[in-house]
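Q: One-letter residues, chain by chain:
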Amino acid sequence: MTTVLDVQQLTIQAEQETLVKSVSFSVDEGEIFALVGESGSGKSLTAMAIMRLLPEALTVTGGQVDLHGENLFSLPEKMMQTVRGRKIAMIFQEPMTSLNPVMTIGAQVSEVLTRHLNLSRARAKDRTIQLFEEVGIPNPSERVDWYPHQLSGGQKQRVMIAMALACEPDVLIADEPTTALDVTIQAQVLRLLKSLRDKHGLSILFITHDMGVVYEMADRVAVMQRGQLIEQAETQHFFDRPIEAYTQKLLADAVPVSDFKPVLQRPPLLEITDLKVHFPIRKGIFQRTVDHVRAVDGVSLRIGKGETLALVGESGSGKSTIGQAILKLVQATHGRVVFEQGGESHELVALKEKQMKPLRQKLQVIFQDPFSALNPRMTVGDIIAEGMQSLNVGPTDKAGRAKRIQTLLEQVGLRPEHARRYPHEFSGGQRQRIGIARALAVEPELIICDEPTSALDVSVRAQVLSLLNRLQQEYQLSFLFITHDLSIIPAIAHKVAVMQAGKIVEQGEVAQVMTRPQHAYTRQLLDSAPSLIRKRLA
Amino acid sequence: MRGRWNLLAYAVVTGWLLMALSSPFLGEAATQVRLDRFFMTADWQSWLGYDQLGRPLWDRIIQGAQTSFWVAFWVVGFSALIGTSLGVWSAYVGGWVDRVFLKIVDVFLAFPGLLLAIALAAVLGPGIENVVLALVVVGWVGFARLARAQTLSLRQRDHVMAAKAMGVSDRRIVFRHLIPLMLAPLGVEATFGIAGAVLSEAGLSFLGLGVQAPDASWGSMIREGTRYLLVAPHLVWAPGLVLMSVVLAVNLLGDHWRDRLDVRHVSTGKKRTSESHV
Chain S
1 MTTVLDVQQL TIQAEQETLV KSVSFSVDEG EIFALVGESG SGKSLTAMAI MRLLPEALTV
61 TGGQVDLHGE NLFSLPEKMM QTVRGRKIAM IFQEPMTSLN PVMTIGAQVS EVLTRHLNLS
121 RARAKDRTIQ LFEEVGIPNP SERVDWYPHQ LSGGQKQRVM IAMALACEPD VLIADEPTTA
181 LDVTIQAQVL RLLKSLRDKH GLSILFITHD MGVVYEMADR VAVMQRGQLI EQAETQHFFD
241 RPIEAYTQKL LADAVPVSDF KPVLQRPPLL EITDLKVHFP IRKGIFQRTV DHVRAVDGVS
301 LRIGKGETLA LVGESGSGKS TIGQAILKLV QATHGRVVFE QGGESHELVA LKEKQMKPLR
361 QKLQVIFQDP FSALNPRMTV GDIIAEGMQS LNVGPTDKAG RAKRIQTLLE QVGLRPEHAR
421 RYPHEFSGGQ RQRIGIARAL AVEPELIICD EPTSALDVSV RAQVLSLLNR LQQEYQLSFL
481 FITHDLSIIP AIAHKVAVMQ AGKIVEQGEV AQVMTRPQHA YTRQLLDSAP SLIRKRLA
Chain D
539 MRGRWNLLAY AVVTGWLLMA LSSPFLGEAA TQVRLDRFFM TADWQSWLGY DQLGRPLWDR
599 IIQGAQTSFW VAFWVVGFSA LIGTSLGVWS AYVGGWVDRV FLKIVDVFLA FPGLLLAIAL
659 AAVLGPGIEN VVLALVVVGW VGFARLARAQ TLSLRQRDHV MAAKAMGVSD RRIVFRHLIP
719 LMLAPLGVEA TFGIAGAVLS EAGLSFLGLG VQAPDASWGS MIREGTRYLL VAPHLVWAPG
779 LVLMSVVLAV NLLGDHWRDR LDVRHVSTGK KRTSESHV
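Chains S and D are the protein sequences, given in the same order.
The first sequence runs 1 to 538 under the working numbering.
The second sequence runs 539 to 816 under the working numbering.
Please keep in mind that the hints were generated in silico from the structure rather than gathered at the bench.
Please read these numbers as outputs of a predicted model, since none were measured by experiment.
Just to be clear, a hint being listed does not mean it is correct.
As the list claims (entries may be wrong) - Chain D is faced by these chain S residues, among others (derived, beta-carbon under 8 Å):
hint: 1; residue: Asp175
hint: 2; residue: Leu327
hint: 3; residue: Leu329
hint: 4; residue: Val330
hint: 5; residue: Thr333
hint: 6; residue: Arg377
hint: 7; residue: Gly381
Idealized CB from N, CA, C, for every residue including glycine.
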């Protein structure tokens, strides 16, 4: 087999800091080479350096990149432009922002063909339709005239792949191409990339943080940590006998503990009956309601005290809306949400904000995005104290409150002196801990966790999950854990409910749903999960 | 290179601001008619010479600076206060209140701003307080639109949701979670507002609707100077150049701040996409 892309001793520096330290690897013809690492490990920078597209502040200070034995770094910029696209193509994580919204998708692909290959317009269009057919866009001759907003996320990524393949490149750099997609779509896109590799003998440099995807796709794997390449091996060998401790930990964290949690009979804490949340679609100058979006359409759930219910579904299935309806951040259209508190049942949907306020203390929330969940202009101490002040929880004097904030910070694994700092000084995982401390501060009984780990690296995710589990045991907390990530369900949940298009299609104990799924959609979700995860779940 | 321009802009604005502040200590010379000195050339008391009534031109320009900054301060201050309060309130309450408010703002935007100010100044009578009033009437709309747009996007943020889930009062949400986060774009808007107010005041004074004699304003100085354009052109170009330099400097500052805030915005945005695996 011949080496197509050869990276030798690549070093990238920003002013003082070395971001990538003498990284060497090579990609053979027809090979899928996975570059794995957590955020900030330098894997995307390496890809940008290969394309010579590094931001101005960063410079390559050592090493070289050979494509078919030709050093790319010695080429003049003009020659490099023909290499990009014709020899090396790239696809990105966000298909939404990579396409021009005011051009039809057909025109965008044709443009590449006319510019790089000098095809006539008519021939470029024919070739575009052919490419769309190859990447699996239904009705390609009709859809060439569609605009990006008319396509789903998965189809947009297919258009990006078609564009990348337009000039039949030798190397495809795929930078987290499926990270923004739902599992079922991810499985389809991965299958597509593999079949294209088989057909065209394409070499793929696959950049990802997801071990499940690596297991599925790669022939060889390299692990990056803090700018260095620490381990490189054939995929099978890599998963069977990882050498470095860091790699072992990454693999272990990829699918957290797989023992199912014992399900006990517990008194109910929250009971949802036939909940519906419809959003009106308004049109015209008088804003008349012409139709409704049925975000949540007749959902019934039960959460026991000290129990975790995982709510699984793909994006747009309405799972976050349920959480917001429980908290009354959106108004339910129909149904009952009964919360048991101090021997009394409270029906939340009908409550006024004033009557709701004392109950707010018992119902808290943790969000997905640790960057927008904290007010950047408030100190961590003020953020945690806010709920205690408005709901009158805990000590009322200043010293007592400060003491309690310190205790809370220590409980979530931060240091007391962090109270005086601002959110931007913390990493994503630390911010998520601050969010947890804020929720804990008011001594809640139910915490709605809205995808709290999906923005985090796997090792940080494992820490946050074990923190949540520990807090549950300590305080008998109940969680409604909203997620799209099947791999973490056994580690966190007692029960699971699967949601599709506003409805619950299946619910029950984790062991039962995960090993003997009844509904077709649940089976489809589980089949779409990378085989590494499937293997450990079974 | 750009850094040097910005430094110059800061120097020009601070310089004129200091001179405007010092003008009360300059004495009465700027408004004293001394016909024995009319059109006299520069001497040690006035390095720009004297105008048609024998008043030192430099002193009058400094007094004009005071007028300009006084008007700009109150116009931008009131506009920002009124516009921001209404914009935030409208977007936060939402529903039909917001829809009606948006229509009102659209109506105000459909008026040619300076013409409306002229009409108002004509109705209310000339005078510097009326200039401020007229300019506030057209000036608050920009702040209202900006504050409204900012509120609409900020109130969807998770920390506002978290605050609501913790039963934090609306008042506190507005003052702790919304307004501090929109101070930066509002500050940029205010900087451009200052430049606009200085220009509008000069325009209204040029038309005779602003500052009344014997007080000086750059606009009225230019108007009076046009009559002697052939004999003493510096009566026009001196206040004209000063006006241009101040407006240019303030606009440069606005650009500078906007760029700086944008860069930070872009870099944090980039950081987010590389760190988050959604």
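Q: It remains to establish, for every hint, whether it holds in the given structure.
A: Structure-based check of each hint:
1. Asp175: Constraint on S:Asp175 not satisfied, violated at 10 Å.
2. Leu327: Hint on S:Leu327: holds, closest Cβ of chain D at ~5 Å, below 8 Å.
3. Leu329: 6 Å, holds
4. Val330: 10 Å, violated
5. Thr333: Result: violated, 17 Å to nearest chain D Cβ.
6. Arg377: 4 Å, holds
7. Gly381: 14 Å, violated
The structure does not agree with the numbered hints 1, 4, 5 and 7 stated previously, though it agrees with the rest.
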